[in-house]
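Novice: Sequence:
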Amino acid sequence: IYLPTLIHLLRLQARRRVRPNTVPNPGRFSCRSVGSPASTSACFGFITLVKVTGKKRCHSATTRQSKVRKKKCYLISRAGSGLSLWRQQLAPCWNNPSTMAKSGKYCFAIDRGGTFTDVLCITPSGGIRTLKLLSEDPANYPDAPTEGIRRILQQEEGPERARTRDGLVNTELIGWVRMGTTVATNALLERAGDPVALVVNRGFRDLLQIGNQARPSIFQLNIQKPSNLYKEVIEIDCRLVPAQRTVCQLEQNWPELRGASNAQYLEMAPIDEDELRAKLVEVLERGITSLAVVLAHSYACPDHELRVGAIAEGVGFRHVTL
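Last residue of the sequence shown: 1030 in the working numbering, with the numbers rising by one and none dropped.
Read the hints as simulated data drawn from the structure, not as lab findings. Take these hints with a grain of salt, some might be off.
[To be verified] SDA-like, lysine to any residue: derived pairs with alpha carbons at most 20 Å apart:
1. 840 / 826
2. 840 / 868
3. 840 / 862
4. 813 / 878
5. 987 / 904
6. 939 / 900
7. 987 / 908
8. 939 / 918
9. 987 / 906
10. 813 / 837
11. 987 / 911
12. 987 / 1030
13. 987 / 909
14. 939 / 996
15. 813 / 872
16. 939 / 898
17. 840 / 821
[Unchecked claim] Listed next, with one range per pair, are the computed distances between beta-carbon atoms:
18. 1027 / 822: 18 to 24 Å
19. 911 / 845: 44 to 50 Å
20. 812 / 1019: 43 to 49 Å
21. 1019 / 929: 42 to 48 Å
The structure displayed is predicted, hence computed values, not measured ones. C-beta: ideal position from N, C-alpha, C; glycine also.
Between the sequences and the hints, there should be enough to build the whole structure, so can you do that?
Specialist: Okay, here's the thing in structure tokens:
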């Protein structure tokens, strides 16, 4: 019902010659001409129709979009109460399939879900290939993203070029791989990951369990708290304090450490490496191979955390997170 009316209004607006960067009235928009002198622009409401060399393009004014033509980028955005259109030189967009095809390699975007894995590939010629396969299929392949890449390369380049002599995927044909996955989120929610030990300063072992003391159901008598993400806690005697140059700090003559942004910290208590190493060995013998290190003021001065991480890796922990 409203389409003929909209087309009529667009034609009326196109006939009006509006000066650039001017707003004739609050209900209209102004546009500059685009492309060749024969180009015309029609504006109405939130839609801008730009006609360039006989081709009609439609851009949404509510979101910022661009049209690349002859290495020129025309940007449409709202300026004040009107809509302005200007020309500006911009770097090529790497998310554009035509730009990625110029690299001469295959580009992969992968969504690895709990049930299925979706693979999208942009070929060197600019074509798009898609593939969907099971995320878990031990009888046919050990890893779904790698299998998806291998299948597409084999279909495009053949079995010989898709693999190396060792039988691995030929990475020389790949420009980049971007992958998003929910595996880590699912493991976090289901508590299905490897057991983790937590390293904190002495006196802070219950800090995460206490939390912020929030109670969603304040009158509920049967309170069920979520389980902790860690299995064990290791407390170590080490402490850093911000340098405040007080009389008390100057009298102690503590060593000074430089942190991020040249922040000054004083080392009240250094790490007892022998004691720490013994505690880590005990935890490792109980089957915990993942370690999370959270020490005070480490966001600005990570010296203690880095030292704990180096000792943990030397003892034999497979995963250490600082």
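Novice: None of the hints should be skipped; say for each whether it holds.
Specialist: Here's how the hints hold up against the structure:
no.: 1; hint: 840 / 826; result: 5 Å, holds
no.: 2; hint: 840 / 868; result: 23 Å, violated
no.: 3; hint: 840 / 862; result: 15 Å, holds
no.: 4; hint: 813 / 878; result: 11 Å, holds
no.: 5; hint: 987 / 904; result: 14 Å, holds
no.: 6; hint: 939 / 900; result: 13 Å, holds
no.: 7; hint: 987 / 908; result: 13 Å, holds
no.: 8; hint: 939 / 918; result: 16 Å, holds
no.: 9; hint: 987 / 906; result: 12 Å, holds
no.: 10; hint: 813 / 837; result: 13 Å, holds
no.: 11; hint: 987 / 911; result: 16 Å, holds
no.: 12; hint: 987 / 1030; result: 18 Å, holds
no.: 13; hint: 987 / 909; result: 14 Å, holds
no.: 14; hint: 939 / 996; result: 8 Å, holds
no.: 15; hint: 813 / 872; result: 16 Å, holds
no.: 16; hint: 939 / 898; result: 15 Å, holds
no.: 17; hint: 840 / 821; result: 11 Å, holds
no.: 18; hint: 1027 / 822: 18 to 24 Å; result: 21 Å, holds
no.: 19; hint: 911 / 845: 44 to 50 Å; result: 49 Å, holds
no.: 20; hint: 812 / 1019: 43 to 49 Å; result: 46 Å, holds
no.: 21; hint: 1019 / 929: 42 to 48 Å; result: 45 Å, holds
Going down the numbered hints, you'll see the structure goes against just number 2.
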